[in-house]
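Chemist: Line by line, the protein sequences are chains A and B.
The first sequence begins at 1 in the UniProt record's numbering and counts up by one.
The second sequence begins at 1 in the UniProt record's numbering and counts up by one.
Bear in mind the hints are in silico, worked out from the structure with no lab data behind them.
Certain hints may be false.
As the list claims (entries may be wrong) - Straight line, CA to CA, 30 Å or less: simulated DSSO-like cross-link-like pairs of lysine-lysine:
| # | chain 1 | residue 1 | chain 2 | residue 2 |
| --- | --- | --- | --- | --- |
| 1 | B | K229 | A | K283 |
| 2 | B | K283 | B | K221 |
| 3 | A | K87 | B | K311 |
| 4 | B | K311 | A | K46 |
| 5 | A | K87 | B | K58 |
| 6 | B | K103 | A | K46 |
| 7 | A | K58 | A | K313 |
| 8 | B | K283 | A | K103 |
| 9 | B | K221 | A | K103 |
| 10 | A | K229 | B | K283 |
Stated by the list, open to error - Derived list of chain A stretches under chain B, where covered just means 3 residues or more per stretch with a C-beta under 8 Å from a C-beta of chain B:
| # | segment |
| --- | --- |
| 11 | 47–56 |
| 12 | 82–93 |
Stated by the list, open to error - Computed far set for chain A versus chain B, every beta-carbon distance over 10 Å:
| # | residue |
| --- | --- |
| 13 | M1 |
| 14 | Y27 |
| 15 | E225 |
| 16 | S305 |
Quick reminder that beta carbons are idealized off the backbone N, C-alpha and C, glycines included.
Number of protein chains: 2
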Amino acid sequence: MATIRDVAKLADVSVSTVSRVLNQTGYVNEETKKKVNRAIQQLNYKPSQIARGMVSGKTNTLGLIVPDIRNLFFPELARAIEDFAQKMGYSVIICNSDNDRAKEDAYFQLLQEKHIDGVILASEVSQSHIQTLQERGIAFLVIDAIVHSPPVLSVHTDHIHGAYLAAAHLIDQGYRKIGHLRGPFTSSTANDRFEGYCLALRKAGIAYDSNLVQIGDYQIKSGHEAMAKLLVMREPPEAVFAANDLMALGAMEAVAEHGLKIPDDVAIVGFDGLPFAAIATPKLTTVQQPIYEIGTIAAQMLIESIREPQKEKLSVVLQPSLVIRDSSVRKGGK
Amino acid sequence: MATIRDVAKLADVSVSTVSRVLNQTGYVNEETKKKVNRAIQQLNYKPSQIARGMVSGKTNTLGLIVPDIRNLFFPELARAIEDFAQKMGYSVIICNSDNDRAKEDAYFQLLQEKHIDGVILASEVSQSHIQTLQERGIAFLVIDAIVHSPPVLSVHTDHIHGAYLAAAHLIDQGYRKIGHLRGPFTSSTANDRFEGYCLALRKAGIAYDSNLVQIGDYQIKSGHEAMAKLLVMREPPEAVFAANDLMALGAMEAVAEHGLKIPDDVAIVGFDGLPFAAIATPKLTTVQQPIYEIGTIAAQMLIESIREPQKEKLSVVLQPSLVIRDSSVRKGGK
DNA sequence: CTGGTGCATGGTAACGGTACCATATTTATA
DNA sequence: TATAAATATGGTACCGTTACCATGCACCAG
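Given the sequences, and given the hints that come with them, work out the whole structure.
Modeler: Right under this line is the structure:
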């Protein structure tokens, strides 16, 4: 690999001059500039980002920590982040944490050793890792997570409002006995979505019935099981709001197994707006999260914060929207 | 950030000694080692991978070029690669090429500037990029692609055999008039799958009928359109082998729109074995690619090749398997 | 007693850039 | 015409490591 010194020699100038041409700083004569560029071309010279990083302390690299890139929410998010980052001259290293403390620790070690400029945390966040980042002065941003310490960059969806829209839609369709398949108590999004569900009921004057709320873990199987429990009740709900699309899908399977029809016997609404919701049978009504937008904004805010560290740490909330499809609308009306 | 000099000063030894402790090279007295480790702990010192890269020319970083991480095949692949890489001390930078030449060029520029140790190409590969990598001495491996130049590391699925399994299965079910929704001519996997389809027909003594073969682009919509064309024929096929699961899904939609039932009126088989195939309605019979395994083997081979560049460049072929579900099996038999 | 060998440690030149200072030379300004 | 300002270029320390060489000491064999 050619170095800046090779270029300097070939162009018969000093390394300083080459550096100036490269970075467009200081004064360089037009003729000289051409000479240098010719040499660069000729040697197919590419400045080493490692050496640059050595001097500047910057690597133009971001870390993205997700639980598992295979979870359908994350490829879309990763794509958005990568798109924006690439446009701004950053590359993205992906880290699958599995929400596992040991793995996270290993990644944090790595990100520090590699002098990553910033991190997007789309996984669960532990207080101690946040602290590490703050102490080390590494820029970071959390997605959909609650952080108790001082102001921190964050982006989230308004899960409460989204869940409210979902439940209100079912109420609007005439249902009164509405079940909810909620996510784990440890998940703030699950708690928010549950809250939105309660809010809609309260607003409609419907009494909360804890028997209608089942707990799952955001996976298909748990949705299946939770729904099965509801279906064996003496008076099962006629409509169910699942806390995410995966659980909604599991619920749909359970309903089919019980020989019931969606939406005629049971209406179902999901949450997330993953692509498969549109192609499920029947097509799933769901609360659409603006995933790509979340990713873009996250990347944008993070990069801004890297470039102007003293700037105020903002928190952005995005609104989801209800996408009404077949799974929640009876053909002949209620 | 503490440097090796800070550690040396605190431990009252030379940087050489600290370096020796860090890398476990040369002689270091037990006592001294302890003293140094204590200093490292105390300062929370992490050796800079940038500085190390500066000296060694290695970055312990891999590039993964995919068309689009949102294509369901790739998250699984990426996860496998990342898992193995992480275990071996490498990080992975993802690049979405969109099979776009300009974007690929930009990434290649980047990977060179960042001194990436190796690249996995799961996107289309241009001859000139291969050449660049070879000239620069950057290790690389291609997945599911044909490379015409000298031996190159590669992993692929036996698409011909997989497609053969799919078509043979339909023949086995008693179908004789079997359609095929193929992928683009520019895709070697599409050509292979088409070949496997032809092979099965030939073996069963069924004449090839070009009217039964429609072309798509591996997306849902094209599967839908291609299937629609087949359904309006005077004598539409009773069974269709779609070149991937996405097109199979589109085909299923088209069948439903025509008021026909799967598998009673039309049997369908897909290819890839993506998660949603198992949860589609009806559940889709498909040729399962060992995606995670492909990724693991790819990462393993690439890292080996980085560490021993002179080693022979191997080509590994993995066998897919047919997963028979509801979309291709008539309840009462044919 | 001399010299080789194993152990332990230190000093310092790279690696490939950038930043900063020094030194012309030309041009504009008082 | 003297002097400042703008233009153009070169020299080199430094970023944080590692690799390599040098040095010193203890021990043992000849």
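Chemist: For the segment 47–56 of chain A, count the residues whose Cβ lies under 8 Å from any Cβ of chain B; is that count three or more?
Modeler: Satisfied; 7 residues make the cut.
Chemist: Holds or violated: A/K229 with B/K283, Cα cutoff 30 Å?
Modeler: Roughly 24 Å between the alpha carbons, so the hint for A/K229 and B/K283 holds.
Chemist: Is the nearest Cβ of chain B still more than 10 Å from the Cβ of A/M1?
Modeler: violated (7 Å)
Chemist: Would the pair B/K283 and B/K221 pass a check requiring their Cα atoms to be no farther apart than 30 Å?
Modeler: holds (19 Å)
Chemist: Given the hint that B/K283 pairs with A/K103, does the C-alpha gap stay at or below 30 Å?
Modeler: Given pair B/K283, A/K103 is violated - Cα atoms ~35 Å apart, limit 30 Å.
Chemist: Assess, step by step, whether the Cα of B/K103 is no farther than 30 Å from the Cα of A/K46, and give holds or violated.
Modeler: holds (17 Å)
Chemist: At 10 Å, judged by beta carbons, does A/Y27 keep clear of chain B as stated?
Modeler: holds (26 Å)
Chemist: Mind taking a look at whether chain B covers the segment 82–93 of chain A? Criterion is 3 or more residues with CB to CB distance under 8 Å.
Modeler: holds (count 6)
Chemist: Is B/K311 within 30 Å of A/K46, Cα to Cα?
Modeler: Judged against 30 Å, a Cα distance of about 28 Å means the pair holds.
Chemist: For A/S305, which was marked as not at the interface, is the minimum beta-carbon distance to chain B over 10 Å?
Modeler: holds (19 Å)
Chemist: Just to be careful, I want the Cα atoms of A/K87 and B/K58 compared with a cutoff of 30 Å; is the pair within it?
Modeler: Holds. A/K87 to B/K58 sits at ~26 Å (cutoff 30 Å).
Chemist: Against the 30 Å threshold, does the CA-CA distance of A/K58 and A/K313 hold or violate the hint?
Modeler: OK: A/K58 and A/K313 at ~21 Å, within 30 Å.
Of the numbered hints listed earlier, those contradicted by the structure are 3, 8, 9 and 13.
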